[in-house]
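Residue numbers (the UniProt record's numbering), protein chains in the order written: chain A, 1 to 783; chain G, 1 to 254; chain X, 1 to 132.
In short, the hints are calculated from the structure, not lab data.
Hints may be right or wrong, so weigh each one.
[Said to hold, decoys possible] Facing chain A, according to a computed beta carbon distance under 10 Å, are these residues of chain G, among others: (1) 11; (2) 36; (3) 37; (4) 38; (5) 44; (6) 93; (7) 105.
Predicted model only: the values in this text are computed from it and were never measured.
Positions of the beta carbon are idealized from the N, C-alpha and C atoms, including for glycine.
Residues per chain are reported as follows:
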Amino acid sequence: MNKVFNRRTLVVAIEVPILLLNSDRRDRKREMGLGIFTSMLLRRTIIQRSTKLLSPQSPIFNNSFVRPIVSTPELKNPEAAQADPVPDSPPLPPRSPVGGARVHFPNPEDAIEVFVDGYPVKIPKGFTVLQACEVAGVDIPRFCYHSRLSIAGNCRMCLVEVEKSPKPVASCAMPALPGMKIKTDTPMAKKAREGVMEFLLMNHPLDCPICDQGGECDLQDQSMAFGSDRGRFTEMKRSVVDKNLGPLVKTVMTRCIQCTRCVRFATEVAGVQDLGMLGRGSGEEIGTYVEKLMTSELSGNVIDICPVGALTSKPFAFKARNWELKGTESIDVMDAVGSNIRIDSRGPEVMRILPRLNEDINEEWISDKTRFCYDGLKRQRLNDPMIRGNDGRFKAVSWRDALAVVAEVMNQINPEEIVGIAGQLSDAESMMALKDLLNRMGSNNVWCEGNGMQTQADLRSGYLMNSSISGLEKADVFLLVGCQPRVEAAMVNARIRKAVRSNLAKVGYIGPPTDFNYEHQHLGTGPQTLLQIAEGRHPFCSAITNAKKPAIIVSAGLFEREDKDAIFSTVEAIAKNGNVIRPDWNGLNVLLLNAAQAAALDLGLIPESNKAIESAKFLYLMGADDVNLDKLQGDAFVVYQGHHGDNSVYRANVILPAAAFSEKEGTYENTEGFTQQTLPAVPTVGDARDDWKILRALSEVAGVKLPYDSLMDIRSRIRIVAPNLLSIDEREPATFSALIKPEFPHSMSSTPFKAAIENFYMTNSITRASKIMAQCSAQLAKK
Amino acid sequence: MFARQAAQRLLEIRQIFRQSPQASRSFSTALNYHIDTPDNNPNIRWEFNEANKEKAKEILSHYPSNYKQSAVIPLLDLAQQQHGGWLTVSAMNEVARIIEVAPIRVYEVATFYSMFNRSKVGKYHLLVCGTTPCMIRGSREIEEALLKHLGVKRNEVTKDGLFSVGEMECMGCCVNAPMITVADYSNGSEGYTYNYYEDVTPKRVVEIVEMLRKGEKPTPGTQNPNRIKAGPEGGNKTLLSEPPAPRCRDLEAC
Amino acid sequence: MAFTLRGLKVSPNSASLEEARSRVFDFFKTACRSIPSIMEIYNLHDVVTVSQLRSTIASEIRKNAHIDNPKVIDLLLFKGMEELGNITEHAKQRHHILGQYVLGKQGLVQDSSTKDEGISPFLKSFYETNYF
């Protein structure tokens with residue numbers, strides 16, 4: 001009998017920690033209820049076991065029934081529950097923090113000790129009771145509290161009991177004090193939560209079956225875990241008018257529980273003060289008061305932070321349930337940030353894209369372009385290999401014929417006249433294959449669009465974000481050179497905004513007038529201002545020299561300028577004067593625009609001559625849609641290998657359909673040199689093939705067989721060229737050496753800097769094919 | 001068993017009574033969101049007049065320069081007085097501009113307080129107290145009398161634009177219940193008054209309305225001629241004599 | 001099954017090769033006459049034309065051109081009529097027709113293997129699918 005009991009506890013004790021470990025922070029939305037439930041289960045079972053083992057007179061030795069784990073008897077009989085002593089002897093196993101939460105002690109002396117359910121926990125001073133509980137491995141239910149937003153303390157769901165406090169305290173707003181004895185599992189705490197939940201459900205509609213949040217709803221989960229099984233409210237439920245927040249966010253305001261997370265997110269992170277809490281009491285509602293669309297590039301994140309179904313995704317509305325979806329952890333390629341995303345797919349269709357937590361890159365936000373570009377993956381796709389006939393129309397052919405035609409043309413043309421351009425969404429493997437193929441054909445005119453002509457690719461520090469994206473948070477002065485982070489890299493902009501809010505960082509901006517969602521000084525529009533700062537004639541110089549951690553961010557849009565070398569050496573002069581580069585801090589950054597850029601420069605995809613396109617007779621475009629083909633000769637043969645029928649297809653002679661980022665495995669390096677991999681979430685459409693496979697097959701047909709048959713083989717080839725591209729999920733910082741940098745004789749032209757991105761919502765072939773992005777740019781993009 | 005049936009029955013009866021036409025009481029004069037109308041939209045320019053600009057400056061001087069937003073309530077009040085008792089969107093935007101916050105932060109405050117009217121009110125805005133003591137002493141009848149006399153509904157303005165009737169919460173005059181308040185916006189922010197009329201009767205409120213219509217100023221305070229302020233009807237009944245001196249301890253007993 | 005057989009009369013054996021031959025022609029004509037209604041039933045207008053179907057039927061018949069035993073021809077005719085009956089009675093689905101008579105037995109892959117001499121296994125599987 002005793003054996004039976006032990007096995008049971010053992011199973012629970014083993015299974016539950018696994019569950020807890022697996023429950024990722026970002027998946028908390030889905031797993032929170034379960035996580036809490038299991039942790040409670042675990043705790044109680046262990047306590048039970050230990051008490052029972054300690055006292056041989058315990059009923060377990062007398063009757064064969066294991067006491068069922070139910071909460072109600074304790075609720076009805078608080079004395080009995082309190083009488084159950086919590087043993088302080090060794091049997092308590094150490095518990096892991098919720099979701100692997102890291103505890104960082106800024107100052108070791110400031111550590112204080114509190115007791116959570118009897119477990120001693122060491123936490124830094126200034127932590128709240130809720131955070132202390134999290135460190136102790138107890139997940140407190142919450143709605144309004146969000147670790148990245150300010151504390152509101154208005155949902156009251158996180159009530160816990162604190163010894164010697166007459167009332168339950170809201171743990172999210174209560175600072176933990178030394179020696180505090182926090183109890184999260186007492187009848188008082190349970191009753192408090194149950195009561196709060198009853199109030200929250202009072203005005204919440206019972207429309208879970210038609211609610212898009214169903215299945216990933218905090219309110220649903222927590223009412224299952226902490227709520228009562230009945231309510232006492234018999235009046236009419238209130239109803240609230242829905243708001244129009246634009247083409248991305250759907251509102252069903254009747255479901256709102258007034259947690260104000262969205263208001264705080266909009267104000268603090270997104271930096272658009274549009275949302276507010278209007279009215280009072282039972283008439284309270286979230287809204288914009290005047291009819292106003294949410295014009296933020298981060299607005300989609302309110303969908304994630306909304307704990308109920310009040311704010312849901314408009315394009316995703318009524319499309320799928322979250323439990324039908326297959327999640328694939330992948331990487332975003334819409335900009336050079338490389339935000340970590342989860343691609344949720346059902347069958348062959350991408351249903352939605354959600355952020356994944358990555359503290360170093362995107363925290364837990366993603367930009368709207370990343371989140372809503374996915375419908376572009378279903379439109380304008382290239383299905384079959386096609387050859388343009390004499391009548392100018394494309395005709396679908398087999399791969400065999402298409403490759404034979406391309407190989408034949410390629411072999412007839414002089415090697416110097418062969419040019420290859422990789423697109424902005426290309427992965428490192430296919431760029432490697434493209435370069436190898438063209439090199440074997442005898443040409444070295446291969447580059448990645450956006451990198452311009454004669455870009456130096458010798459020093460990695462010259463094209464990377466050296467202070468790293470998370471490092472920008474620590475900076476206290478920013479100088480943005482031709483760089484509009486809000487449209488170029490929304491996640492980097494969020495970091496700068498964070499620095500502006502927390503360190504009161506000053507931001508100086510040189511470039512065309514543009515929108516910022518934080519305080520900034522517009523210093524000028526062109527290189528003259530840059531020169532003034534370099535020569536110390538500008539008032540902003542003192543800000544840079546006096547700064548503790550100054551950061552200069554240069555946009556990769558300047559790569560396209562003729563005088564970029566001069567600009568870069570001027571920026572370096574500023575960096576030198578302002579002591580921006582120190583042993584512990586490298587504040588000289590380049591913000592790249594495209595996902596492929598960093599890897600392309602690492603692999604050495606740079607053109608040999610400035611006039612490559614003009615003299616080209618054979619142009620191989622690997623998804624390159626933003627190159628200017630006006631100067632291309634009329635008789636040049638253009639091969640377009642890509643996944644969308646976009647700009648370049650109009651000029652192409654042969655189309656080879658390729659896989660999009662959601663359909664292939666590929667390595668991408670982001671703007672700070674962080675290497676990550678995409679994973680295929682859905683199958684390729686039609687007769688498309690992976691990019692590198694097409695190049696490999698073409699090489700064989702053309703008689704210059706590339707020596708790799710698998711991704712592994714290509715990667716071992718990459719190891720020779722750029723080994724840093726193989727250290728996945730690691731950031732390889734550039735070793736800076738300003739001294740060996742050659743001097744450039746060019747002088748700067750006086751042309752003002754141009755905006756690198758015209759339309760935030762349409763920057764590549766996927767977003768240009770997307771209907772949602774088209775709606776956004778029509779309604780939201782500011783003219 | 002019977003007890004449960006009785007409880008069920010009681011619940012049903014309560015349900016029937018609950019279906020009153022006044023399903024949700026609205027204290028504020030407008031919705032919690034704005035709908036553009038010809039006389040209330042963000043395109044209309046609105047600013048404080050010269051005198052009130054000085055006043056606004058004076059109000060702002062009460063607060064530290066980095067906490068200008070603290071002046072939001074006094075400024076909104078000033079704007080409301082100037083604008084004939086209600087706040088347009090542009091007035092709120094102007095206040096937001098002065099205190100340097102996003103407009104939504106001002107909207108939040110203006111929607112929170114029911115004394116800020118966001119739809120048009122009459123020059124004399126009559127507010128009937130509807131809290132328990134006044135209600136017991138007949139505030140419903142008073143409101144009914146007012147509405148019937150003026151021929152309007154609650155929160156509706158009479159055709160001549162002179163009067164509107166609203167409901168408000170307790171103003172602390174329970175001893176003289178029932179009471180109404182008259183917010184006088186007829187003379188802008190200079191002649192603005194906010195007077196309580198207490199111990200009113202359905203007949204008396206109609207008289208007050210008529211006096212206001214004629215431009216007279218009825219005396220505020222209790223309308224019962226037999227009372228002095230909050231004193232009992234017909235003069236004091238207790239504490240008639242001079243209050244005795246404080247008791248001194250028996251010195252001789254020591 | 002029963003209802004398909006009900007409509008089929010088992011005709012007596014052909015006495016000679018001539019008779020069998022004329023029966024085949026009769027069958028071909030019947031089949032050709034039913035093509036329009038087949039196209040209607042299976043909604044084939046956008047994938048195939050009448051003449052294509054007709055030539056498919058002819059080639060199906062010609063496949064057995066070398067047979068000179070009247071008994072065998074009778075048997076094949078019976079099978080053909082059964083098939084035709086099935087098709088006209090909508091006992092089949094659209095993809096059956098598409099697979100058997102529109103695309104042909106070899107399906108979508110029209111390439112013969114003779115061209116693949118001397119190419120690497122990578123290229124061979126590349127031509128077939130993206131997933132290998």
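How the hints compare with the structure:
Taken as an interface hint, residue 11 (chain G) checks out: its beta carbon lies about 7 Å from the nearest beta carbon of chain A, inside 10 Å. The beta carbon of residue 36 (chain G) comes within 8 Å of a beta carbon in chain A, closer than 10 Å, and the hint placing it at the interface holds. The restraint placing residue 37 (chain G) at the interface with chain A is violated, with a minimum CB-CB distance near 12 Å, outside the 10 Å limit. For residue 38 (chain G), the interface hint is violated, since its Cβ never comes within 10 Å of a Cβ in chain A; the closest pair sits about 16 Å apart.
At its closest, the beta carbon of residue 44 (chain G) sits 13 Å from a beta carbon of chain A; the interface hint therefore is violated under the 10 Å criterion. Given hint, residue 93 (chain G) at the interface with chain A, holds; its Cβ is 9 Å from that chain's nearest Cβ, closer than 10 Å. Contact between residue 105 (chain G) and chain A, as hinted, is supported at the beta carbon level, the nearest pair being about 7 Å apart and thus within 10 Å.
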